[in-house]
Amino acid sequence: DTAVSQTPKYLVTQMGNDKSIKCEQNLGHDTMYWYKQDSKKFLKIMFSYNNKELIINETVPNRFSPKSPDKAHLNLHINSLELGDSAVYFCASSQGMQAFEAFFGQGTRLTVV
Amino acid sequence: AQSVTQLDSQVPVFEEAPVELRCNYSSSVSVYLFWYVQYPNQGLQLLLKYLSGSTLVKGINGFEAEFNKSQTSFHLRKPSVHISDTAEYFCAVSGAGGTSYGKLTFGQGTILTVHP
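Chains as they are written, first to last, in this note's numbering: chain A, 623 to 735; chain B, 1041 to 1156.
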C-alpha cells in the first residue's frame, strides 16, 4: 500500500503547455511538500502545506501553483512550461511542520521539449 | 541560510567492505540532520536522523552516523556493505528554529555502488 503516490511517473510535454502533477498520501499526515530535483541532483523545497494552508513558498515562478483540496492531497499545476522546468518533482508528507521524518513519493520526471 | 555538501559524488566499494559517506553542513542555527536513501526508481526513504542527545545514531539496514558539531559533519558509515546497499544517499539538514525550521536542505547525493 503506497504511502505517498504521485501521478504521472513520467511526463513529456511541449513548451508552453499547462500540466498538473497529482500527489496523495494515506499516512494521515497534516503537512505536504513539493521538492524539485534539478539536473545536478540538488533537491530543493518549493512549497509546503500544513492542514491545507500554504506555509512555505520558496522563490518559485508564479507559473507554479500548488493546490491542496484536502490534507491528503497536494497537486502541482504548472502553466506555460519552459525548458528549464525539466526536472524530477517529488511530493512528500510529514506529521507536523518539523519535517523530522518526511515520506517521499517516487517522483515525477518532467521533460519539456 | 543553511547548506549541505556531500564530498563524494560516487563511492565504489566491494561487498563486505566498510564504507563512509561524507557530509558537511553549514547553518546559522541549531540543526537536525538526516540521511535519506533513494533506490532506483523509488522515492527517498529515511535511513536515520539526529535530533538531539547521543551524537552516534543508528538507522535501518545497519547504517550509523555521527554528529560532530565542531567539524559540522554528519558522516554515514556501515561496517560491511551488501550488494543491496547500492543506491544514492542524500544528506539533509533542517533548522531547529528560525526561518529554516521545517525545511529540509539536501546535499547533491552520493552514489554508492557495491561490487561483488
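Hints are not guaranteed to be accurate.
Here are the simulated lysine-lysine pairs, DSS-like style, with alpha carbons at most 27 angstroms apart [said to hold, decoys possible]:
hint : chain 1 : residue 1 : chain 2 : residue 2
1    : A       : Lys674    : A       : Lys662
2    : B       : Lys1143   : A       : Lys666
3    : B       : Lys1089   : A       : Lys658
Derived by calculation from the structure, the hints in this document are not laboratory data. As the structure is a prediction and not an experimental result, all values here were calculated from the model.
Hints versus structure:
Between Lys674 (chain A) and Lys662 (chain A) the alpha-carbon distance is near 31 angstroms, which puts this suggested pair outside the 27 angstroms criterion. Proposed proximity of Lys1143 (chain B) and Lys666 (chain A) is supported: the alpha carbons are some 9 angstroms apart, at most 27 angstroms. Taking the CA atoms of Lys1089 (chain B) and Lys658 (chain A), the gap is near 22 angstroms; set against the 27 angstroms cutoff, the hint holds.
Checked against the numbered hints above, the structure breaks only hint 1 and satisfies the rest.
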